[in-house]
Amino acid sequence: MYLLNRWFKDWRGRRVHVIRWEPETKRVIYMRERYPEECFSPLHKFMDLFTECGPPGEKQQRPEGRGD
1 MYLLNRWFKD
11 WRGRRVHVIR
21 WEPETKRVIY
31 MRERYPEECF
41 SPLHKFMDLF
51 TECGPPGEKQ
61 QRPEGRGD
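Under our numbering, the first residue of the sequence shown is numbered 1, with each subsequent residue one higher.
Keep in mind that the hints were calculated from the coordinates and are not lab data. Hints are not guaranteed to be accurate.
[Unchecked claim] Capping the alpha-carbon separation at 25 Å, the derived lysine to aspartate or glutamate pairs in DMTMM-like fashion look like this:
#1 Lys9 to Glu58
#2 Lys26 to Asp48
#3 Lys45 to Glu24
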């Protein structure tokens, strides 16, 4: 088991806080806002449905090369 502190957005744009990775079961454990229980997903499904992002309140940076 590996403890993590990473943020992702789901397919609906809602942030989740990834707190743990379990290589034995290949599961990602995460928390949703306003939901007290841990959620989990198989890694392959998580990789398809979630995109990494910064923590809440962190300003999003524009990709380099964009002049707008």
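Now the hints, each set against the structure:
Between Lys9 and Glu58 the CA atoms are separated by roughly 14 Å; this keeps the pair inside 25 Å, and the hint holds. With a C-alpha separation of about 14 Å, the suggested pairing of Lys26 with Asp48 holds against the 25 Å cut-off. Note on Lys45 and Glu24: the hinted pairing holds, with a Cα-Cα distance of about 16 Å set against a maximum of 25 Å.
The structure shown violates none of the earlier numbered hints.
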